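Participant: Given next are the chains, with one letter for each unit.
There are 2 protein chains.
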Amino acid sequence: MAIHKKLSLMIPGPTPVPEKVLQALSKHPIGHRSKEFQTLVKSTTENLQWLHQTQNDVLTITGSGTAAMEAGIINTLSKGDKVICGENGKFGERWVKVAKEFGLEVIKIDSEWGTPLNPEKFKTVLKEDTKKEIKAVILTHSETSTGVINDLETISSYIAEHDKALSIVDCVTSLGACNVPVDQWKLDIVASGSQKGYMIPPGLSFISMSEKAWAATEKSNLPKFYLDLKSYRKSLLSNSNPYTPAVNLVFALDEALKMMREEGLENIFLRHNKHKLAMSNSLKALNLQLFANENHLSPSITAVKTGEIDAEEFRKAIKNNFDILLAGGQDHLKGKIFRVGHLGYVHDRDIITAISAISSTLLSLGNISAQQAGKALEVAYQYLEAN
Amino acid sequence: MAIHKKLSLMIPGPTPVPEKVLQALSKHPIGHRSKEFQTLVKSTTENLQWLHQTQNDVLTITGSGTAAMEAGIINTLSKGDKVICGENGKFGERWVKVAKEFGLEVIKIDSEWGTPLNPEKFKTVLKEDTKKEIKAVILTHSETSTGVINDLETISSYIAEHDKALSIVDCVTSLGACNVPVDQWKLDIVASGSQKGYMIPPGLSFISMSEKAWAATEKSNLPKFYLDLKSYRKSLLSNSNPYTPAVNLVFALDEALKMMREEGLENIFLRHNKHKLAMSNSLKALNLQLFANENHLSPSITAVKTGEIDAEEFRKAIKNNFDILLAGGQDHLKGKIFRVGHLGYVHDRDIITAISAISSTLLSLGNISAQQAGKALEVAYQYLEAN
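Those sequence lines, one after another, are chains F and R. For the record, in the first sequence the residue sitting at position 335 is 334 according to numbering that gives the first Met the number 0, with numbers rising by one throughout. For the record, in the second sequence the residue sitting at position 84 is 83 according to numbering that gives the first Met the number 0, with numbers rising by one throughout.
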């Protein structure tokens with residue numbers, strides 16, 4: 000079975016993995032209680048703190064990003080606690096579900112899919128909470144399902160003013176793609192996953208915990224064992240793990256974080272920003288409408304409406320003809336949009352390639368002129384060369 | 000940093016990984032919602048059922064074996080439920096902790112570390128439970144911390160007689176090493192992990208669920224999300240996963256399970272059995288005392304008392320001189336025993352090698368004669384050639 004023809008991943012995860020990282024992944028495993036592995040845990044932890052721009056503990060969990068978000072919630076809250084959940088997409092919805100599953104009282108602040116959460120709504124609800132009953136604000140930074148980035152900086156400033164509530168943030172498709180200065184924005188709990196900006200395959204997730212978050216763990220009464228973060232913190236004191244970690248993925252993580260340090264945070268953010276601009280503007284030049292509000296585009300995913308064209312058929316054509324995997328719309332958006340991932344190990348060439356493939360397909364359908372296809376490339380090039 | 004000199008892993012996990020499996024691991028990831036990945040999920044699920052000798056669902060979770068055991072417990076039980084926990088080692092202890100964390104009422108049936116659980120004690124407690132209040136029996140098949148195998152066949156027959164209680168069994172170091180016929184023994188929930196008999200690096204765990212176990216999930220009121228097995232079952236209907244799985248570890252799993260099918264269950268069990276016999280008997284020939292009761296030796300791990308010699312110093316010498324990693328004793332056994340893992344991708348040569356390294360070290364310490372060292376090899380060879 001030819002599962003690897005010449006696949007190019009342009010989905011919001013798993014993202015492409017550099018050869019160096021794949022080579023690290025395929026080393027023979029070592030003992031997870033050995034000094035050699037402790038050295039790796041120390042190095043990856045320091046580099047994770049660098050990536051998060053924080054002095055906080057950053058813990059590595061074997062599991063998906065959902066596991067890390069759940070851990071943030073169940074380690075700091077108790078049954079009946081009041082929380083705000085921001086909801087403007089599939090992942091926002093998921094955190095509402097998790098909160099309810101664990102018996103939290105959810106105040107939902109939502110916004111139509113494709114539009115950003117309104118920070119002022121958070122401000123109002125938090126200001127009105129004079130009794131300080133709200134224990135946490137749970138929200139998604141970059142909404143992977145819609146390509147919208149929420150204004151985390153402003154919302155987190157309101158959470159900091161409230162003083163009692165914790166911020167619990169899904170930064171799965173923002174961390175490593177745009178600025179998430181954890182200490183500066185006073186973010187208490189930040190969750191992310193390996194198959195995104197980290198440029199490694201799925202299987203690891205990360206959670207940064209502020210001192211305020213750790214203090215909250217002392218009062219939390221929700222039951223947990225595998226995701227009990229206090230065990231991870233205790234083990235981290237000796238650069239170890241409470242349970243057998245995914246050793247080979249940690250090899251890959253170490254290599255990928257070194258590559259990221261070499262590139263530098265600023266350059267990583269600039270690269271993602273220019274790819275976002277090149278992708279979104281050239282798609283517009285192809286007469287396609289962006290799904291997300293243009294002032295709030297995620298640095299990692301561009302979601303596009305396909306109008307009369309069935310988005311699933313369109314994706315299939317791109318996959319069959321060019322072996323580029325794009326993501327479809329989720330739930331009610333299935334068939335109506337497709338999503339281009341430009342997150343992690345993405346090169347200018349990948350952007351040009353995706354635009355060319357999309358243009359070729361639209362040309363073959365008779366939806367655009369050669370002139371427009373050329374224009375799209377020109378637009379892309381302008382943004383790519385701007386940095 | 001030379002973390003890979005020429006390391007030989009002889010610990011009970013991570014175990015050595017075949018080159019073929021490492022190569023599968025290092026392939027470029029593919030989309031986890033793609034048809035190609037669905038094909039892989041289908042194939043690995045069928046092969047997992049083969050390995051478990053069952054028609055039950057076998058689910059794959061990204062997480063350690065502890066995550067799978069926790070999932071088995073929290074998906075089928077409710078707060079206040081009465082359970083029996085078998086405890087004769089570190090892992091038995093852990094399942095008691097998990098049960099208590101989730102508010103279960105634990106009846107502990109224990110046995111001194113190094114000795115097996117007495118099946119008759121289970122029989123008695125289960126027989127006395129005429130009101131059928133016991134909801135589950137939680138136990139460990141092969142106790143990795145002591146090298147003891149518990150008599151799961153007999154204990155599970157008593158659980159089956161009780162009829163109401165579920166069996167929830169940690170088969171982490173028994174599955175893929177000795178016979179665990181899930182359907183024949185009527186095992187409801189069986190948990191295992193990738194870095195053991197499966198011959199792949201850590202990061203995946205597996206859980207087999209009987210129809211009786213699924214029925215119990217309908218009544219369970221413990222909160223869960225990431226480890227909610229009903230989501231996994233639902234996704235498995237379309238050969239998919241509820242959350243992003245560790246795609247590359249699934250590539251490795253697929254390859255390893257194919258290798259296992261090629262070798263055949265009987266041959267795998269015979270190989271582990273002869274390695275157990277060769278290892279334990281040659282260590283005895285070196286005047287070392289086995290830690291575990293000799294009639295109940297695990298097929299995967301041999302634990303050895305070192306008497307006057309500090310076991311940790313002994314392990315270090317073997318590591319420094321021969322780059323063979325042995326496992327130490329845990330908790331109160333630290334410094335008193337070492338443990339040789341012979342689980343997974345282990346060849347006759349590895350057994351001879353470990354024995355030679357141990358013999359050389361004992362010779363250098365003046366603890367044995369050359370005659371004894373030679374005798375140990377002779378004994379090993381007898382067992383190895385017997386099959």
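Worth flagging that the hints you see were computed from the coordinates, not collected in a lab. Note that the structure is predicted; figures quoted are calculated from it, not measured. Accuracy of the hints is not assured; some may be wrong.
Copies of the same chain are indistinguishable here, so a pair counts whether it falls within one copy or spans any two.
Stated by the list, open to error - Here are the simulated lysine to aspartate or glutamate pairs, EDC-like style, with alpha carbons at most 20 Å apart: (1) K34 - E262; (2) K34 - E311; (3) K185 - E45; (4) K233 - D330; (5) K89 - D227; (6) K78 - D227; (7) K218 - E262.
Participant: Under the constraints set out in the numbered hints, which ones does this structure not fulfil?
Facilitator: 1, 7
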